[in-house]
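A.B. asks: Sequence:
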Amino acid sequence: MHPQDRDGRMKLKECENALRKKRFEEAIAAPEEEIVKVSSTVDTSEMVVDSAYDGARLAEDGKITKPFIEDMIARFKEQKTIASKYAFEILMQAKDALEPLPSVVDLAVAEGAHFTVCGDVHGQFFDLCNIFDLNGAPSAENPYLFNGDFVDRGSFSVEVILTLLAYKVMDPTSINLTRGNHETAAMNKMYGFDGEVRAKYSAKLADLFQEIFQYLPLGAVLGEKVFITHGGLFSRDGVTLDELRKIDRVREPPESGPMCEMLWSDPGPMPGRHPSKRGVGVAFGADVTKRFLKDNDLELVVRSHEVKDEGFEVDHDGCLITVFSAPNYCDQMGNKGAFIRFESDMVPHFTSFEAVPHPPSRPMQYASNSFMFQ
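Numbering (the working numbering), first residue to last: 11 to 384.
These are calculated hints, taken from the structure and not from any lab test. Each hint should be verified, as a subset may be incorrect.
[Unchecked claim] Cross-link-like lysine-lysine pairs, in silico, BS3-like; alpha carbons within 25 angstroms at most: (1) K300 with K287; (2) K210 with K73; (3) K95 with K76; (4) K300 with K235; (5) K300 with K87; (6) K47 with K256; (7) K214 with K90; (8) K87 with K73; (9) K87 with K76; (10) K95 with K73; (11) K300 with K256; (12) K287 with K214; (13) K256 with K90.
[Unchecked claim] Ranges between beta-carbon positions, derived for each pair: (14) A213 with D341: 21 to 29 angstroms; (15) V59 with G344: 38 to 46 angstroms; (16) K73 with A118: 24 to 32 angstroms; (17) G328 with D305: 13 to 21 angstroms; (18) D355 with A107: 25 to 33 angstroms; (19) A209 with A62: 16 to 24 angstroms; (20) E121 with S371: 43 to 51 angstroms; (21) S354 with R261: 19 to 27 angstroms; (22) S354 with D258: 30 to 38 angstroms; (23) R85 with P370: 34 to 42 angstroms; (24) E121 with D143: 25 to 33 angstroms; (25) F142 with P370: 20 to 28 angstroms; (26) G328 with D143: 28 to 36 angstroms; (27) P264 with A150: 16 to 24 angstroms.
Every residue, glycine too, gets a C-beta built ideally from N, C-alpha and C.
Working from the sequences, and respecting the hints, build out all of it.
C.D. replies: The following block contains the structure:
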């Protein structure tokens, strides 16, 4: 690793910490048959909203509506929370929407339609709102895919993920969500999300988020030509879309294999495969990308997972794009964010954008130093 590669050093330390934490948790975990799903203990009908609550209220049927989401976003901008009952309601309905999906979903783009792909948001809620200001709110006519790492590091992660899940519940066609390496228990313990949920809501909601994250698909195929996943490709040739669709994803990710690599791998400048700078996943060259595309009758890989100065980068002779949607990452990187807009011809169109102001909550404000293993 180059001594000036600040992002690489940060990512390597992040991975080392996560693996240590994961091994510790596995050592003390109960046998799988003893684990009770948090969702099985949640009954929103028994929850009461305080009479003094001044936000929009859900009807008796709990249906998430556009006015409710708009009111919720307005509350979040004022640094208010929503009623705990409503947060649980969003997550429980999100479970119903996500759990039946395959591990790789197929998404169509009809003639005359468009589709927007965003990368990491990392708890930067005000920049997420700026994306919607620039490109329109999610709807059936303006669908999105957010490609993992919705949470951690940024200190408005709860607001980000509740907004994204609420749109998913309101209209599943309006927004699609794929899992990133930060939608995992060990990362959330260290990099702020778990502490943030506990501080703003409750420990039980934090635990429910961990279950919901396991239902997130690992990837998508857009318009039969574009493969989208958070991290990257694989340590062996011959991986097929059918194989990926069948991955048992409802778990914490293993330390190797296709599920791990979809969350953690990165493209590299050299041909072939090489050890990752992160210590997990693989660095893969243009030849690996081209072979995967040919084997699966695809044209393009879109992934996220890495900061880019302009918010995106085209690599591997035009066969791979990285998109990252958290501008001025951690309030210090100075990068732009970006999103990609596709039409039915599957030609990517890029929009870069600068960071917008946010309230004075520092990144990693809710992170627990006790899990840093320094």
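A.B. asks: Look at each hint and say if it fits the structure.
C.D. replies: Taking the hints in turn, this is what the structure says about them:
no., hint, in the structure
1, K300 with K287, "holds (22 angstroms)"
2, K210 with K73, "holds (23 angstroms)"
3, K95 with K76, "holds (18 angstroms)"
4, K300 with K235, "holds (13 angstroms)"
5, K300 with K87, "violated (43 angstroms)"
6, K47 with K256, "holds (22 angstroms)"
7, K214 with K90, "holds (19 angstroms)"
8, K87 with K73, "holds (23 angstroms)"
9, K87 with K76, "holds (17 angstroms)"
10, K95 with K73, "holds (13 angstroms)"
11, K300 with K256, "holds (23 angstroms)"
12, K287 with K214, "violated (35 angstroms)"
13, K256 with K90, "violated (40 angstroms)"
14, A213 with D341: 21 to 29 angstroms, "holds (28 angstroms)"
15, V59 with G344: 38 to 46 angstroms, "holds (42 angstroms)"
16, K73 with A118: 24 to 32 angstroms, "holds (26 angstroms)"
17, G328 with D305: 13 to 21 angstroms, "holds (18 angstroms)"
18, D355 with A107: 25 to 33 angstroms, "holds (29 angstroms)"
19, A209 with A62: 16 to 24 angstroms, "holds (21 angstroms)"
20, E121 with S371: 43 to 51 angstroms, "holds (44 angstroms)"
21, S354 with R261: 19 to 27 angstroms, "violated (36 angstroms)"
22, S354 with D258: 30 to 38 angstroms, "holds (33 angstroms)"
23, R85 with P370: 34 to 42 angstroms, "violated (19 angstroms)"
24, E121 with D143: 25 to 33 angstroms, "holds (28 angstroms)"
25, F142 with P370: 20 to 28 angstroms, "holds (23 angstroms)"
26, G328 with D143: 28 to 36 angstroms, "holds (30 angstroms)"
27, P264 with A150: 16 to 24 angstroms, "violated (36 angstroms)"
Violated hints, listed in ascending order, are 5, 12, 13, 21, 23, 27; each of the other numbered hints is respected by the structure.
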